Amino acid sequence: MKLSSNYVDGKYANLTKLFENIAKEGEEAQFVAYVGGQLVADLACGFSPDSLTVVYSVSKALSAIAVAKMVDQGLLDLDQTVAHYWPEFAAAGKQDITVRQLLSHQGGLPETRAGLTPGQLMDGKAAADLLAAEAPLWRPGAGFGYHALSIGPLVGELCRRITGKTIQEYYDAEVREPADADAYLGLPESLEPRVAELLPQLPNAEFPPATGAPNPLDSHVNRNVPMPFITSREGRKAGLASASGVASARGLAAVFNWATGYGSETPGIAPDTLQDFAQTQVFGTDWVSGSNPRSHGILFMKPTSAIPFGSFQSFGHDGFGGAVVVADPVGQIVYGYAIRRITNPAGMDRRLQPIIDELRAVALA
Amino acid sequence: MKLSSNYVDGKYANLTKLFENIAKEGEEAQFVAYVGGQLVADLACGFSPDSLTVVYSVSKALSAIAVAKMVDQGLLDLDQTVAHYWPEFAAAGKQDITVRQLLSHQGGLPETRAGLTPGQLMDGKAAADLLAAEAPLWRPGAGFGYHALSIGPLVGELCRRITGKTIQEYYDAEVREPADADAYLGLPESLEPRVAELLPQLPNAEFPPATGAPNPLDSHVNRNVPMPFITSREGRKAGLASASGVASARGLAAVFNWATGYGSETPGIAPDTLQDFAQTQVFGTDWVSGSNPRSHGILFMKPTSAIPFGSFQSFGHDGFGGAVVVADPVGQIVYGYAIRRITNPAGMDRRLQPIIDELRAVALA
Amino acid sequence: MKLSSNYVDGKYANLTKLFENIAKEGEEAQFVAYVGGQLVADLACGFSPDSLTVVYSVSKALSAIAVAKMVDQGLLDLDQTVAHYWPEFAAAGKQDITVRQLLSHQGGLPETRAGLTPGQLMDGKAAADLLAAEAPLWRPGAGFGYHALSIGPLVGELCRRITGKTIQEYYDAEVREPADADAYLGLPESLEPRVAELLPQLPNAEFPPATGAPNPLDSHVNRNVPMPFITSREGRKAGLASASGVASARGLAAVFNWATGYGSETPGIAPDTLQDFAQTQVFGTDWVSGSNPRSHGILFMKPTSAIPFGSFQSFGHDGFGGAVVVADPVGQIVYGYAIRRITNPAGMDRRLQPIIDELRAVALA
Numbered sequence: 002m003k004l005s006s007n008y009v010d011g012k013y014a015n016l017t018k019l020f021e022n023i024a025k026e027g028e029e030a031q032f033v034a035y036v037g038g039q040l041v042a043d044l045a046c047g048f049s050p051d052s053l054t055v056v057y058s059v060s061k062a063l064s065a066i067a068v069a070k071m072v073d074q075g076l077l078d079l080d081q082t083v084a085h086y087w088p089e090f091a092a093a094g095k096q097d098i099t100v101r102q103l104l105s106h107q108g109g110l111p112e113t114r115a116g117l118t119p120g121q122l123m124d125g126k127a128a129a130d131l132l133a134a135e136a137p138l139w140r141p142g143a144g145f146g147y148h149a150l151s152i153g154p155l156v157g158e159l160c161r162r163i164t165g166k167t168i169q170e171y172y173d174a175e176v177r178e179p180a181d182a183d184a185y186l187g188l189p190e191s192l193e194p195r196v197a198e199l200l201p202q203l204p205n206a207e208f209p210p211a212t213g214a215p216n217p218l219d220s221h222v223n224r225n226v227p228m229p230f231i232t233s234r235e236g237r238k239a240g241l242a243s244a245s246g247v248a249s250a251r252g253l254a255a256v257f258n259w260a261t262g263y264g265s266e267t268p269g270i271a272p273d274t275l276q277d278f279a280q281t282q283v284f285g286t287d288w289v290s291g292s293n294p295r296s297h298g299i300l301f302m303k304p305t306s307a308i309p310f311g312s313f314q315s316f317g318h319d320g321f322g323g324a325v326v327v328a329d330p331v332g333q334i335v336y337g338y339a340i341r342r343i344t345n346p347a348g349m350d351r352r353l354q355p356i357i358d359e360l361r362a363v364a365l366a
Numbered sequence: 002m003k004l005s006s007n008y009v010d011g012k013y014a015n016l017t018k019l020f021e022n023i024a025k026e027g028e029e030a031q032f033v034a035y036v037g038g039q040l041v042a043d044l045a046c047g048f049s050p051d052s053l054t055v056v057y058s059v060s061k062a063l064s065a066i067a068v069a070k071m072v073d074q075g076l077l078d079l080d081q082t083v084a085h086y087w088p089e090f091a092a093a094g095k096q097d098i099t100v101r102q103l104l105s106h107q108g109g110l111p112e113t114r115a116g117l118t119p120g121q122l123m124d125g126k127a128a129a130d131l132l133a134a135e136a137p138l139w140r141p142g143a144g145f146g147y148h149a150l151s152i153g154p155l156v157g158e159l160c161r162r163i164t165g166k167t168i169q170e171y172y173d174a175e176v177r178e179p180a181d182a183d184a185y186l187g188l189p190e191s192l193e194p195r196v197a198e199l200l201p202q203l204p205n206a207e208f209p210p211a212t213g214a215p216n217p218l219d220s221h222v223n224r225n226v227p228m229p230f231i232t233s234r235e236g237r238k239a240g241l242a243s244a245s246g247v248a249s250a251r252g253l254a255a256v257f258n259w260a261t262g263y264g265s266e267t268p269g270i271a272p273d274t275l276q277d278f279a280q281t282q283v284f285g286t287d288w289v290s291g292s293n294p295r296s297h298g299i300l301f302m303k304p305t306s307a308i309p310f311g312s313f314q315s316f317g318h319d320g321f322g323g324a325v326v327v328a329d330p331v332g333q334i335v336y337g338y339a340i341r342r343i344t345n346p347a348g349m350d351r352r353l354q355p356i357i358d359e360l361r362a363v364a365l366a
Numbered sequence: 002m003k004l005s006s007n008y009v010d011g012k013y014a015n016l017t018k019l020f021e022n023i024a025k026e027g028e029e030a031q032f033v034a035y036v037g038g039q040l041v042a043d044l045a046c047g048f049s050p051d052s053l054t055v056v057y058s059v060s061k062a063l064s065a066i067a068v069a070k071m072v073d074q075g076l077l078d079l080d081q082t083v084a085h086y087w088p089e090f091a092a093a094g095k096q097d098i099t100v101r102q103l104l105s106h107q108g109g110l111p112e113t114r115a116g117l118t119p120g121q122l123m124d125g126k127a128a129a130d131l132l133a134a135e136a137p138l139w140r141p142g143a144g145f146g147y148h149a150l151s152i153g154p155l156v157g158e159l160c161r162r163i164t165g166k167t168i169q170e171y172y173d174a175e176v177r178e179p180a181d182a183d184a185y186l187g188l189p190e191s192l193e194p195r196v197a198e199l200l201p202q203l204p205n206a207e208f209p210p211a212t213g214a215p216n217p218l219d220s221h222v223n224r225n226v227p228m229p230f231i232t233s234r235e236g237r238k239a240g241l242a243s244a245s246g247v248a249s250a251r252g253l254a255a256v257f258n259w260a261t262g263y264g265s266e267t268p269g270i271a272p273d274t275l276q277d278f279a280q281t282q283v284f285g286t287d288w289v290s291g292s293n294p295r296s297h298g299i300l301f302m303k304p305t306s307a308i309p310f311g312s313f314q315s316f317g318h319d320g321f322g323g324a325v326v327v328a329d330p331v332g333q334i335v336y337g338y339a340i341r342r343i344t345n346p347a348g349m350d351r352r353l354q355p356i357i358d359e360l361r362a363v364a365l366a
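Residue numbers (the working numbering), protein chains in the order written: chain V, 2 to 366; chain H, 2 to 366; chain D, 2 to 366.
No false leads were mixed into what you were given.
Listing some non-contacts, in silico: residues in chain V with all C-beta distances to chain D over 10 Å:
{"no.": "1", "residue": "L117"}
{"no.": "2", "residue": "P179"}
{"no.": "3", "residue": "V363"}
Covered stretches of chain D, as calculated for chain V (at least 3 residues, CB under 8 Å):
{"no.": "4", "stretch": "140 to 148"}
{"no.": "5", "stretch": "203 to 217"}
The hints are simulated quantities; they were obtained by calculation from the structure and are not laboratory data. In this text the structure is predicted, and so the values were computed from the model without any measurement. All C-beta atoms in this analysis are idealised placements derived from N, C-alpha and C, irrespective of residue type, glycine included.
Can you build the whole structure from these sequences, using the hints too?
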């Protein structure tokens, strides 16, 4: 695929060469990085640097910035109970679950027992009501397991109760607009022409499908991933806070560059708030997937030896399709990545790792 | 061995063929299943469908139903401290341990430091007194480790303090009799002629003995398993709530069919109570054996990728000898299995898995 | 190397033969063991039984005995908050961290985000002030990760606030002197001539360096281990409570023999206090190194299947260089080991295991 190097800072010239390895495989991809608030790389291959794709769970990183804004504005206290803001949530033994626990995947609500439908998830409120009535699937706080989709209606309902707005509205007004970023929770119809539909996953001999029985809860929660509705026009319009955000790499990096404000006097989010959201809340074996190691902050994904996207202080999120956005206080690094072909294995494109390593090495030199 | 197919519902005809694979290996075994409260399979090979064997830790599933009955009757609150019901238990730093923690193997009392003797375990009260005086082997609540034998006197003493009866008496009156089940905690002398003594484990090249050092606590707690007294006449008479229950597969399934009441208006135990007992309390590495993954609800064993006996909502328990009893709200499935030859590896007979998979597939079709 | 068998009890004669295997590899090493308070082995090879070496994290076992003495004297309650004794520690979300959590590596302070310098660590107070101001790197109590160096200034500042003395002064007066032991936190200048400088690690084909990405936090906390200052003259003089103690095997064993007082009426530390310090506080995956299994009591290391240095009741600590000190109530065993050549892999010299196994077998026979 044709590589379009829109900008690369001289010190970071090796990034172009490393990015070419992805281009050579015929991928359509975008990579944008800032160091200390300065753009150091803006690379694309195969499609426009302004093409938009569904970034799956990278959406959680956008939601996280919105929730951090609520904390900054004094609207939300992570150590309050969820029921304080959302009384119905107290049902069925959930009265003591804190916002901190819920938003770090410890609340035991990765699904309802009956299973949420696409319609309920798209509606948001419908899914939230069902989750509020549900007894936790595990003892709250005893462990964590990735709430791949359910975290969307949960964080959405919290936002609605606190701000009176949907999480999509709040994100748009308080994050996306001030950041002037092409990264949407709920894509406007007018931008649909810029969307590049995701391409299906290809086999990868290096990563054969897992054998052996899955964790029983995984079979229930992730029985149908990727759900096609997530990437549909309806999904893009709904902008699920968990999974159907739409962005370019430029847009992802712009949100994190605005939020962190490295090198500026006016970060979009107070650094102490981001540090609290980036604090490791959970680490180890995921009770849904059974995978290990996994780690989360507040809504953010944390790096592990499995996906070492930055220093221990870094935070962000990857998505099923391969996209990722990361900020790292060590080196004041921000980067975003998007790719059209769903990667195999799913999650952050492993081919991005040498690019990340080079970026960090130069930034810290 | 001769297979006696006493009943198989037409839709479940494949179960007979799959069960024959166990029969062909010369085993004496029994398998009984209900779906929606209806008997769908009643199979036996080698010995009578009414032969009784010691089912080791499947006993914990029988005890669990008895404890759930105490909760149903308003006698026991899982979130109370153990010391509330049993003041002496508060000794040596155990004042805050809850019933929920104790019954999900989190209390740090898988043994005394001195080691409980068979006599103390058979007596029950003697073992309970020693455990009540003991400082927990780990910080209570910090982790879990299977209380293979000690859970018996612990649950027994709780029952005695709360109901004035032994757990064996309470189980017999409140569970076994109403369920009309051949599944005993304390086998009456009159039934001894129906007992088939267990046969010793055979080598299995597919499951060679573990190499490497054991977890140090495992060496202490499980230094002498299987303890011969468990399966002796004295053990069968004592009916240790942890390990020396005696049953047929028909009896095991009957207890769970009665308790769940799938398809009936009158479950033996309230569905909400069973759901609470089936909630995952702990998951991951067992601090006694060092094994992973292990998972428990309240007294119940939960399925894992290692022993996937049902959906994430399923609950039950396997035993050292290979027997198992399970109920699964997903599909309203209940099944019991017993086998005379102690399996290798110990725990649920791995050859049962295709039978379970077929049962679930048909029930959910 | 020449083996000097200064004393071996007849029943333990095999220990000499097993120790010769280490001597034959050209090592300079010392091994001393007590059973029931009686010396049963005092072996050395290559250098004097009274040579002193830096024992790295075995220092934590010496500090643990000092802290246990504070508890014995009624000065310290493990279940109090750290901030109760050290108000500044309450900063940045640490107000609820208990002494128990902090001293079992659960406080989330294995380092500062900026990274402590050798100067700050040597000063102690400087490092403690920085740690007191730091937000925990993980949610306190959520998990544990080895505080390899930072535990030194943390325990040091607790001691200063409580006793008015440095941990080195307190240890010297309350432990080392009464134990009459050649085991120092802060080596007097006059003893420098007896120091044998450690020799560098050699490659070991059986234990190749780990491949794959490290845990991101490991890269930060252990980015420069072993730090040369630890074993320098300055380090030995400072006597970091975490890492730069200096001792012979005789000295290590003497401290633990005095503290446990097996076979005597006058243990240096009350047995109940030692039992509480030896209780397993944490077990599983270390959130700093990502290693598993790891386990700790209060400051003490606990044995695991990876390093099975004793029964589940045993406690002690190994060091990066290969030294170790252990006490085991099961068999009333105490032993100390020191070695000049830094072992590979780091931590307790794996060649010591057959010696430990023989010692335990004879003591328990």
